[in-house]
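Chain order of the listed sequences is A and B.
Counting with numbering that gives the first Met the number 0, you get residues 0 to 204 for the letters of the first sequence.
Counting with numbering that gives the first Met the number 0, you get residues 0 to 131 for the letters of the second sequence.
These are calculated hints, taken from the structure and not from any lab test.
These numbers were taken from a predicted model, which means no experiment stands behind them.
Be aware that a few hints might be false.
Said to hold, decoys possible - A few chain B positions that, by computed beta-carbon distances, are all more than 12 Å from chain A:
{"#": "1", "residue": "Gln68"}
{"#": "2", "residue": "Thr90"}
{"#": "3", "residue": "Gly97"}
{"#": "4", "residue": "Glu118"}
Unchecked claim - With a Cα cut of at most 30 Å, we get these calculated DSSO-like pairs of lysine-lysine:
{"#": "5", "chain 1": "A", "residue 1": "Lys193", "chain 2": "B", "residue 2": "Lys93"}
{"#": "6", "chain 1": "B", "residue 1": "Lys67", "chain 2": "A", "residue 2": "Lys18"}
{"#": "7", "chain 1": "A", "residue 1": "Lys18", "chain 2": "B", "residue 2": "Lys93"}
{"#": "8", "chain 1": "A", "residue 1": "Lys190", "chain 2": "B", "residue 2": "Lys67"}
{"#": "9", "chain 1": "A", "residue 1": "Lys130", "chain 2": "B", "residue 2": "Lys67"}
{"#": "10", "chain 1": "A", "residue 1": "Lys130", "chain 2": "A", "residue 2": "Lys193"}
{"#": "11", "chain 1": "B", "residue 1": "Lys93", "chain 2": "A", "residue 2": "Lys57"}
{"#": "12", "chain 1": "B", "residue 1": "Lys93", "chain 2": "A", "residue 2": "Lys179"}
{"#": "13", "chain 1": "A", "residue 1": "Lys189", "chain 2": "A", "residue 2": "Lys130"}
{"#": "14", "chain 1": "B", "residue 1": "Lys67", "chain 2": "A", "residue 2": "Lys189"}
All C-beta atoms, glycine included, are put in the ideal place defined by N, C-alpha and C.
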Amino acid sequence: MAKAFDRNELLDAFDEIGKAAVANETQLHLAVYGGSALMLASNFRFSSEDVDVSELPKPLPSWLVTTLDGIAARHGWSLDWFNDGVVFHLSRTATLTGDHLEFGSFPRHGGQPGLLVYVPSAQYMLALKLKAVRVLDPTKGRQESEDIRNLLQVLGITDPAAAVQIMGLYFPRSAEDSSKQLFLLKQIMKKPGKLDAPEYPVRNL
Amino acid sequence: MRPNTLSETYDRIMDGETVEKAFAEFLDRFYALPNASERSAALADEPQLTADTHLNALAGAAAEYLAKQYEADVPAWSFGAGRRLAEPWFTAEKPGPGINEYLWHCSPAEFRWRNIFTESQPFRRASQRDWR
Chain A
0 MAKAFDRNEL
10 LDAFDEIGKA
20 AVANETQLHL
30 AVYGGSALML
40 ASNFRFSSED
50 VDVSELPKPL
60 PSWLVTTLDG
70 IAARHGWSLD
80 WFNDGVVFHL
90 SRTATLTGDH
100 LEFGSFPRHG
110 GQPGLLVYVP
120 SAQYMLALKL
130 KAVRVLDPTK
140 GRQESEDIRN
150 LLQVLGITDP
160 AAAVQIMGLY
170 FPRSAEDSSK
180 QLFLLKQIMK
190 KPGKLDAPEY
200 PVRNL
Chain B
0 MRPNTLSETY
10 DRIMDGETVE
20 KAFAEFLDRF
30 YALPNASERS
40 AALADEPQLT
50 ADTHLNALAG
60 AAAEYLAKQY
70 EADVPAWSFG
80 AGRRLAEPWF
90 TAEKPGPGIN
100 EYLWHCSPAE
110 FRWRNIFTES
120 QPFRRASQRD
130 WR
């Protein structure tokens, strides 16, 4: 079976990237999205298959390629385990300071930080989930529905229109034609969430 | 490492991997393949049949749908016995008249003829650049 991502292994990998950045006299500021962000910052996701990050420098500096490839080889992860393919789907209005929260600096145990990791705010994460709205997908629909339910609960949203309003802050064109989201949100909200108290940071950690 | 083929994806599911994770990793691999011949190869081998008839039909639908979307060869096994459901499967958490009707209309043909009713663009991943 493929080697699964584990939260601690991911944090160790961030430590390694942070140390390599310091050794190369630089500092990376990266946001993490999708399942990895939920795995890092929430209490309702425990695995992910790769790490979707904000735009990486192009070409990748050789020290970063060496570090990422070394981590992949040691853990049995795919060579593109750390990739910025998600950038294409991000909001053009979201900013790093306004719509993300600092998750942590790496390496974690003192010394100069070489990697600062951010996660999207709960609002922005909800907007990303609603724009994609993959809740009917045959393989991941249930997990997507549960993620949305948890984020709605974290934000205290009980009205589909309020959720769509948040999506509109980040994706105004998608919100203009939001009948699909409204219809599906009503379906999602019919079912109670599995957790009594889902957690996701609403302010800096 | 990610599964290289749909068949390997089902081997991992049978070994205890979740359907969601096994498919996600396969799709990330599939969408990164550079040409039609490699995509055809990723779909060519028949996945093992499982005790779950939904999963068996889903393999057929996935192979036919991905092949047509990405100009690969549709494997003959995808039309075989066990790759179509006797009863409809609506991929909603809580099927009901409204959502079932919605799925009935938007499900791609490769799913619909197998009695699977799902969203109009199944298997979307961030690694895929041609959806918004």
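Hint check results:
Its beta-carbon lying about 15 Å from the closest one in chain A, Gln68 of chain B satisfies the requirement of being farther than 12 Å from that chain. With a least CB separation of 5 Å from chain A, Thr90 of chain B falls inside the 12 Å interface cut-off, contrary to its annotation. Chain A draws Gly97 of chain B into its interface by the beta-carbon criterion, the shortest separation being 8 Å against a cut-off of 12 Å. With a least beta-carbon separation of about 4 Å from chain A, Glu118 of chain B fails to lie farther than 12 Å from that chain, contradicting its non-interface assignment.
As the CA atoms of Lys193 of chain A and Lys93 of chain B are separated by approximately 15 Å, the hinted pair is consistent with the 30 Å bound. Annotation: proposed proximity of Lys67 of chain B to Lys18 of chain A is violated, straight-line Cα distance about 45 Å (limit 30 Å). Distance check on the hinted pair: Lys18 of chain A and Lys93 of chain B sit about 48 Å apart at the alpha-carbon level, beyond 30 Å; violated. Restraint check: the Cα-Cα separation between Lys190 of chain A and Lys67 of chain B comes to about 35 Å, which exceeds 30 Å; the hinted pair is violated.
A threshold of 30 Å between alpha carbons decides the hint, and for Lys130 of chain A with Lys67 of chain B the separation of about 25 Å falls inside it, so the pair holds. For the hint pairing Lys130 of chain A with Lys193 of chain A, the CA-to-CA distance comes to about 23 Å; that is within 30 Å, so the pair holds. This hinted pair does not check out: Lys93 of chain B and Lys57 of chain A have alpha carbons roughly 45 Å apart, beyond 30 Å. For the proposed pair Lys93 of chain B and Lys179 of chain A, the alpha carbon gap of about 16 Å is at most 30 Å, so the pair holds.
Taking the CA atoms of Lys189 of chain A and Lys130 of chain A, the gap is near 20 Å; set against the 30 Å cutoff, the hint holds. Taken as a hint, the Lys67 of chain B and Lys189 of chain A pair is broken in the structure, with Cα atoms around 35 Å apart against an allowance of 30 Å.
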